[in-house]
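Asker: Residues per chain, in single letters:
2 protein chains.
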Amino acid sequence: MSDYIRRNILDMPGYVPGEQPKKGEAVKMNTNENPYRASESVYDAIRRVADEGLSRYPNAVGEAFREAASRVYGLPADWFLCGNGSDDILTILTRAFVPEGGLLRLAYPSYILYRSLAQIQGAASEEVLFNADWSLPGYFGAPPEPESAFHLRPVPGTKLGLVYLPVPNSPSGTVIPKEQILAFAESLPCPLLIDEAYADFADGNCIDLVRKSSKIMISRTLSKAYSLAGLRFGFLIARPETVTELIKVKDSYNCDALSIAAAAAAIGDQAWRAENRRKILATRAVLTQRMRALGFTVPDSQTNFTWNVHPDKSVSHKAIYEYLKAHGYLVRYMVYPGWEKVAGRDDGLRITVGTDGQTEECLDLIEKFLS
Amino acid sequence: MSDYIRRNILDMPGYVPGEQPKKGEAVKMNTNENPYRASESVYDAIRRVADEGLSRYPNAVGEAFREAASRVYGLPADWFLCGNGSDDILTILTRAFVPEGGLLRLAYPSYILYRSLAQIQGAASEEVLFNADWSLPGYFGAPPEPESAFHLRPVPGTKLGLVYLPVPNSPSGTVIPKEQILAFAESLPCPLLIDEAYADFADGNCIDLVRKSSKIMISRTLSKAYSLAGLRFGFLIARPETVTELIKVKDSYNCDALSIAAAAAAIGDQAWRAENRRKILATRAVLTQRMRALGFTVPDSQTNFTWNVHPDKSVSHKAIYEYLKAHGYLVRYMVYPGWEKVAGRDDGLRITVGTDGQTEECLDLIEKFLS
Numbered sequence: 085m086s087d088y089i090r091r092n093i094l095d096m097p098g099y100v101p102g103e104q105p106k107k108g109e110a111v112k113m114n115t116n117e118n119p120y121r122a123s124e125s126v127y128d129a130i131r132r133v134a135d136e137g138l139s140r141y142p143n144a145v146g147e148a149f150r151e152a153a154s155r156v157y158g159l160p161a162d163w164f165l166c167g168n169g170s171d172d173i174l175t176i177l178t179r180a181f182v183p184e185g186g187l188l189r190l191a192y193p194s195y196i197l198y199r200s201l202a203q204i205q206g207a208a209s210e211e212v213l214f215n216a217d218w219s220l221p222g223y224f225g226a227p228p229e230p231e232s233a234f235h236l237r238p239v240p241g242t243k244l245g246l247v248y249l250p251v252p253n254s255p256s257g258t259v260i261p262k263e264q265i266l267a268f269a270e271s272l273p274c275p276l277l278i279d280e281a282y283a284d285f286a287d288g289n290c291i292d293l294v295r296k297s298s299k300i301m302i303s304r305t306l307s308k309a310y311s312l313a314g315l316r317f318g319f320l321i322a323r324p325e326t327v328t329e330l331i332k333v334k335d336s337y338n339c340d341a342l343s344i345a346a347a348a349a350a351i352g353d354q355a356w357r358a359e360n361r362r363k364i365l366a367t368r369a370v371l372t373q374r375m376r377a378l379g380f381t382v383p384d385s386q387t388n389f390t391w392n393v394h395p396d397k398s399v400s401h402k403a404i405y406e407y408l409k410a411h412g413y414l415v416r417y418m419v420y421p422g423w424e425k426v427a428g429r430d431d432g433l434r435i436t437v438g439t440d441g442q443t444e445e446c447l448d449l450i451e452k453f454l455s
Numbered sequence: 085m086s087d088y089i090r091r092n093i094l095d096m097p098g099y100v101p102g103e104q105p106k107k108g109e110a111v112k113m114n115t116n117e118n119p120y121r122a123s124e125s126v127y128d129a130i131r132r133v134a135d136e137g138l139s140r141y142p143n144a145v146g147e148a149f150r151e152a153a154s155r156v157y158g159l160p161a162d163w164f165l166c167g168n169g170s171d172d173i174l175t176i177l178t179r180a181f182v183p184e185g186g187l188l189r190l191a192y193p194s195y196i197l198y199r200s201l202a203q204i205q206g207a208a209s210e211e212v213l214f215n216a217d218w219s220l221p222g223y224f225g226a227p228p229e230p231e232s233a234f235h236l237r238p239v240p241g242t243k244l245g246l247v248y249l250p251v252p253n254s255p256s257g258t259v260i261p262k263e264q265i266l267a268f269a270e271s272l273p274c275p276l277l278i279d280e281a282y283a284d285f286a287d288g289n290c291i292d293l294v295r296k297s298s299k300i301m302i303s304r305t306l307s308k309a310y311s312l313a314g315l316r317f318g319f320l321i322a323r324p325e326t327v328t329e330l331i332k333v334k335d336s337y338n339c340d341a342l343s344i345a346a347a348a349a350a351i352g353d354q355a356w357r358a359e360n361r362r363k364i365l366a367t368r369a370v371l372t373q374r375m376r377a378l379g380f381t382v383p384d385s386q387t388n389f390t391w392n393v394h395p396d397k398s399v400s401h402k403a404i405y406e407y408l409k410a411h412g413y414l415v416r417y418m419v420y421p422g423w424e425k426v427a428g429r430d431d432g433l434r435i436t437v438g439t440d441g442q443t444e445e446c447l448d449l450i451e452k453f454l455s
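Chains as they are written, first to last, in the numbering used here: chain A, 85 to 455; chain B, 85 to 455.
What the hints contain is simulated information worked out from the structure, not anything from laboratory work.
Fair warning: this is a prediction, and the values are worked out from it, not measured in the lab.
Where hints are given, some of them may not hold.
Label-pair restraints from in silico Cβ distances [to be verified]:
1) Val100(B) / Gly158(A): 24 to 34 Å
2) Gly158(A) / Glu103(B): 45 to 55 Å
3) Val419(A) / Arg155(B): 54 to 64 Å
Chain B regions said to be covered by chain A (calculated; three or more residues, Cβ under 8 Å) [to be verified]:
4) 103-113
5) 137-146
6) 304-318
7) 322-331
8) 341-353
9) 389-403
10) 427-438
We treat Cβ as the ideally placed atom computed from N, Cα and C, and that holds for glycine.
Full structure from sequences and hints, please.
Answerer: Printed below as a string of structure tokens:
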């Protein structure tokens, strides 16, 4: 059978998500899930749909969510596209804008999935290296670019179809100034997707840029700030004429009746989100402070995780990860080949903000390991 | 923005699913949903997941469902791939096997979505016409084919990547003999997907063919026979080495925690399925019999709907559809351009089996309209 599968699929390694141990086997601080239970209004909505039954197809565009999002963000409902997680949104965008043999640009190091999306499509990706302070060089915005600046550079002549920029970024937790993002969009020969998976934990967001530039689109997820990773719900904010075309690319019923109702309830409870954010940010401050006190370099985070790199190369990030895992704490050990040219080390620890107790215990373990 | 969207997307009309009126606005006999409420074990599973919470990512491959399916079908768990509806499965297959500029073959008239999947991928589709008795010509199985036999024939030279064959078919409700399907697969230069969305209502199925030919795969949905159209859950049965490659193409977490648990519960309750099937088949017999008595040609159905064509062209199918709609009954009015060459008329009415009461009332209305 593998004779018939497309070469680009056979050749790709496949995206590997973070470890998902069985419930109760470990404290999960590795995939940026939220340690708190979602708003009870979400679970009430799920129970209501279960009572009403699931024998009918759901609304094809998730109208109930679009209307709820419209009230929250002050944009018309047709500026929103619902997705089965923001991964579904990213898949739809890749398929709509990047042909086979086309080119996708991304910042590096960032979300590893972007490269997989290009590979599935049979497209190439070029990766622009962040600077050491996690700022981006100006040529992120426009071709032609100096060869040397790219971590991964495809053969010349491929046409740039789409650019992915996560703001805030993972693993760094940092943001790019809005004026620079707008300048990038204006100079790019293609659309720019701002992946705002973590924007609810940041000081600001880029939603007003969608009005300012027709080339800018924004993706969001309910997995992080709404504590609903298990629900699979994300959305896109874009001009309605773009949304109309993207609806042709998505699966006819890409969101189920439970997730549409639950997501509408989640986004409708902004008081829950604000209170959850307050808790996460308070714990994030402790996490950042203590990791710095232990000698790690930790950028100011605008997300629900921190990126921790020890300047002393004799301190093994991997050994810390393994020590924590052995003690029931999962954090994310990340390796970004090539990044050492800029940052001195190619690896680091990405630690998700847990509850206060989980975070303190994890920090105690790291302290114990280092002493 | 539309300057940047791929030409194949801009040019395609987009798949339009059947009408979905708001709850209570009409009796829905147009999209082959099941009129009965799913097994309560399904709703218990949903409530259990809601109690446990959704803050964690789901199992990436829906292991709980695969294990339940393994017990029902007697195949190892790694022969199953979970999908966000069987549409997700069809999308994954198209992306894995059909490159941009490639070719997809399908039987015509059948599920309209197949053509849309080719269009999204930037591929062509060729459509082999059924015979008047809904059998398929032998050349469905092998190139080269006579030009005249195709309803839609792309430019020569494109490479056949995948063949879609729904068994039972929609709108006809009919099946193709298993020996012929196996012969098709053996002579085809690519894999064959048997879309068994309706197989639970048929006298048999093709699951044993997956063991007999490495080129055969089967897709299933829980939307119809398990009364879960609102849940979005489908699955593929294929060789494990194929499933491994397809996992690279799917979204990382394509099924949510609620749907995995619900689908596992649904397939685990085969007693519910058998009893539901018994009811649907009894009502289907009444529907078939009365429509024939009213003068319609109705093939013996192996599904939860019937295909109704009146041999007298002065009887307008569309007028019947509109009359029923005005009286609160939605059936599916279908037009298949080109089909009149074979069948005399290019349109007809596809009527989903409702409850006994709904079906009788719908039939009474048709009788009233005709008299």
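Asker: Each hint needs a verdict: does it hold in this structure or not?
Answerer: Status of each hint after checking the structure:
1. Val100(B) / Gly158(A): 24 to 34 Å: 31 Å, holds
2. Gly158(A) / Glu103(B): 45 to 55 Å: 31 Å, violated
3. Val419(A) / Arg155(B): 54 to 64 Å: 40 Å, violated
4. 103-113: holds (count 3)
5. 137-146: holds (count 8)
6. 304-318: holds (count 7)
7. 322-331: Holds: 6 residues of the stretch 322-331 of chain B have a Cβ under 8 Å from chain A.
8. 341-353: Three-residue rule met by the stretch 341-353 of chain B, so holds; n is 4.
9. 389-403: violated (count 0)
10. 427-438: n = 0 at 8 Å, threshold three: violated.
When the structure is compared with the earlier hints, violations turn up for hints 2, 3, 9 and 10 and for no others.
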